[in-house]
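Chains as they are written, first to last, in the numbering used here: chain A, 1 to 113; chain B, 1 to 237.
Honestly, the hints are just simulated from the structure, not real lab data.
Don't take each hint at face value.
[Claimed, not checked] Facing chain B, a subset of chain A residues (Cβ under 7 Å, in silico):
| # | residue |
| --- | --- |
| 1 | Leu5 |
| 2 | Thr26 |
| 3 | Ala38 |
| 4 | Ile42 |
| 5 | Ile76 |
| 6 | Gly86 |
| 7 | Arg89 |
[Unchecked claim] Straight line, CA to CA, 20 Å or less: simulated EDC-like cross-link-like pairs of lysine to aspartate or glutamate:
| # | chain 1 | residue 1 | chain 2 | residue 2 |
| --- | --- | --- | --- | --- |
| 8 | A | Lys92 | B | Glu220 |
| 9 | B | Lys38 | B | Glu225 |
| 10 | B | Lys38 | B | Glu220 |
| 11 | B | Lys59 | A | Asp28 |
| 12 | B | Lys38 | B | Glu169 |
| 13 | B | Lys59 | A | Glu59 |
| 14 | B | Lys59 | A | Glu64 |
| 15 | B | Lys231 | A | Glu6 |
| 16 | A | Lys92 | B | Asp216 |
| 17 | B | Lys30 | B | Glu169 |
| 18 | A | Lys91 | B | Glu40 |
| 19 | A | Lys91 | B | Glu168 |
| 20 | B | Lys128 | B | Asp216 |
| 21 | B | Lys231 | B | Glu220 |
| 22 | B | Lys132 | B | Glu37 |
| 23 | B | Lys231 | B | Asp216 |
| 24 | B | Lys182 | B | Glu168 |
| 25 | A | Lys92 | B | Glu40 |
| 26 | B | Lys182 | A | Glu39 |
| 27 | B | Lys59 | A | Glu39 |
| 28 | B | Lys30 | A | Glu59 |
| 29 | B | Lys128 | B | Glu220 |
| 30 | B | Lys59 | B | Glu225 |
| 31 | A | Lys91 | B | Asp216 |
| 32 | B | Lys59 | A | Glu44 |
| 33 | B | Lys59 | A | Glu66 |
| 34 | B | Lys30 | B | Glu40 |
| 35 | B | Lys132 | B | Glu225 |
| 36 | B | Lys182 | A | Glu44 |
| 37 | B | Lys182 | A | Asp40 |
| 38 | B | Lys222 | B | Asp9 |
| 39 | B | Lys30 | B | Asp9 |
| 40 | B | Lys128 | B | Glu225 |
Built from N, CA and C at the ideal position, the CB exists for glycine as well.
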Amino acid sequence: MSRKLEIIVLAIILIFAIQFVYMSSTTDAEYTGADGQAEDAIMEITGGTYEPVAEPFWEPPSGEIESLLFGLQAAIGAGILGYFFGYYRAKKRYESDLAYGEKSKSEGDSQSV
Amino acid sequence: MHIMEGFLDAPWWQLWFIVSVPVILYGIYKMNRLVNEKREILPLLAVAGAFIFVLSSLKLPSVTGSCSHPTGTGIAAIMFGPAISAVLGTIVLLYQALFLAHGGLTTLGANVFSMGIAGPLAAYIVYKAGMKARINFYFVVFLATAIGDLVTYGITSTQLALAIAYHEEGILTLGGFLAQFKVFAAIFGLTQLPLAIIEGAVSALLFKYVVNVKSDILVEMKVIEAAVVRKLRGSSA
Chain A
1 MSRKLEIIVL
11 AIILIFAIQF
21 VYMSSTTDAE
31 YTGADGQAED
41 AIMEITGGTY
51 EPVAEPFWEP
61 PSGEIESLLF
71 GLQAAIGAGI
81 LGYFFGYYRA
91 KKRYESDLAY
101 GEKSKSEGDS
111 QSV
Chain B
1 MHIMEGFLDA
11 PWWQLWFIVS
21 VPVILYGIYK
31 MNRLVNEKRE
41 ILPLLAVAGA
51 FIFVLSSLKL
61 PSVTGSCSHP
71 TGTGIAAIMF
81 GPAISAVLGT
91 IVLLYQALFL
101 AHGGLTTLGA
111 NVFSMGIAGP
121 LAAYIVYKAG
131 MKARINFYFV
141 VFLATAIGDL
151 VTYGITSTQL
161 ALAIAYHEEG
171 ILTLGGFLAQ
181 FKVFAAIFGL
191 TQLPLAIIEG
201 AVSALLFKYV
211 VNVKSDILVE
221 MKVIEAAVVR
231 KLRGSSA
């Protein structure tokens with residue numbers, strides 16, 4: 001299998017990673033969230049008078065808890081992705097292995113595709 | 001990118017619910033029908049949803065010295081269309097609103113509209129146009145998902161600008177809207193551009209693996225033509 005796309009994607013990620021390492025060590029950029037900046041902008045525009053019409057029911061009590069829940073979200077997603085790609089990969093492999101034994105059956109399958 | 005809890009006042013947050021809810025309902029209907037017809041798409045649906053889970057949980061640093069996160073909804077849009085993407089997007093947005101105080105329940109309608117509907121719709125249109133023009137499949141996926149990501153943030157900026165311009169002047173004028181739009185577009189747009197590129201690249205890669213292991217179902221759903229799959233397999237197998 002050609003790995004061209006993987007190399008391109010890796011190169012793109014590397015460029016941003018290097019840029020990040022460089023920027024974060026040479027400037028004092030704070031890397032705050034864009035949503036928070038929008039919140040600040042709203043406060044500035046309205047002269048600090050803006051009152052949110054609602055408050056979150058529950059907020060993560062600390063940055064640690066917040067990153068735990070974000071990590072959990074990523075882990076759930078990654079787990080599902082890994083499971084199904086593994087499942088499909090193995091399924092395809094066994095199907096093609098079986099196809100040697102049952103050639104007529106696999107031809108029937110590929111016809112329906 | 002989500003609009004924070006409470007940061008859209010009346011009538012805006014209600015308005016976005018009115019727009020989003022019918023799409024979500026239609027998406028649920030479409031999803032049920034699709035799953036009943038073809039049970040074998042269920043894993044693919046899970047993959048598309050899981051991809052949104054992963055990508056929207058990653059807060060990435062951007063060139064501008066601030067952080068934001070990709071949306072991941074482009075994949076779902078390409079595979080299942082914008083309505084089903086709206087359902088998947090809603091699940092993720094609910095998780096983040098309830099457990100992370102990220103986004104919010106009053107702003108859920110607006111956030112579903114930007115991330116679940118408008119962005120995916122843009123991705124879907126770009127994808128269909130690109131495939132019609134017979135451009136390289138992976139490049140089309142890259143473009144579609146990256147543009148979908150940017151459109152999401154463009155809509156978020158629009159939503160905030162509309163609400164704040166109205167809040168400030170008590171009446172909505174084009175000039176007032178544009179002045180606010182510039183502020184929010186500057187915050188979100190610049191941060192998002194590099195992230196959109198990364199999202200596009202990673203989405204293209206995910207699609208490569210789906211095509212490798214499960215292209216028959218994509219062909220069956222008319223996401224991709226059999227001829228394109230053969231060509232991709234020929235060049236990458």
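**Asked** Failing hints, ascending?
**Response** Numbers 2, 6, 12, 17, 19, 22, 28, 30, 32, 38 and 39, in rising order.
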